[in-house]
Amino acid sequence: MKDMLTRITRRIKKNIIWIIALPVVLGAAGYVLPSKISGNSSFTSEAAIAAGNYDHPLYNNTKEIPLLLTSDAFLKQALPDKTDEERAAVKSKLTVETQSDSLITVSYSGQNKQETESVFQAVIKTFLKNDQDLFEKRAKVVRQSIAALEGETVSADAKVDKERFLYELKNTQLNLKAAGVINSEPMNETAGQGMPPKKKAVLGVLIGIAVAFMFIVIPEFFRESL
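Under numbering that gives the first Met the number 0, the first residue of the sequence shown is numbered 0, with each subsequent residue one higher.
Derived lysine-lysine pairs resembling DSSO-like cross-links, with alpha carbons at most 30 Å apart:
#1 K161 <-> K136
#2 K62 <-> K136
#3 K81 <-> K124
#4 K139 <-> K158
#5 K81 <-> K128
#6 K62 <-> K139
#7 K92 <-> K81
#8 K124 <-> K139
#9 K90 <-> K128
#10 K136 <-> K75
#11 K176 <-> K161
#12 K169 <-> K128
#13 K62 <-> K90
#14 K75 <-> K139
#15 K124 <-> K112
#16 K139 <-> K128
#17 K112 <-> K81
#18 K139 <-> K176
#19 K62 <-> K75
#20 K124 <-> K136
#21 K161 <-> K139
#22 K112 <-> K128
#23 K176 <-> K75
Hints were generated in silico from the structure; no laboratory data involved.
Put together the whole structure using the sequences plus the hints.
Encoded structure:
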């Protein structure tokens, strides 16, 4: 054992320059070069939507819309080709926030750019299509009510009531509106965070020390065993 320690000491003295240099070089490389290396990028699509106004308890209520858009039934309609597990994953990355009584924001994040945009557009388009269908049904009812009332013959005593009802219906008709996207942000890419440069530098130094130990000490252990 004493002879082995003597040989190790002799090898250390003989190779002291590269024993010191190796951890320093690897530490510097760990600080500089890997700092440009990042983890997987994340892509986010976002849009602001103004809620419609046609007296629907869900589609016109910005407090209910977040629950609606993240419901299993809605996501199954928007993403019929995906499995239940895939839709559950979508739900975890879909964010719907109420900004005001008439405004919501919808965002979706993922690591695949094309898939992220595809899912996001499917959610938005399904919501807007459903909203448009409901809006048109409500608008049709109002139009038919106005036409029926205008064509109705009433007595002189009921004429005032008829005009009042017509005014209210036409005012309702003017205020009817479907939901719409008012602001759609370009897809945002966020670079994944890798290990901080200082930690990479420390890792480089430790690797350098380990390599030096391997080349200095391990051969002596093998020689001793022989």
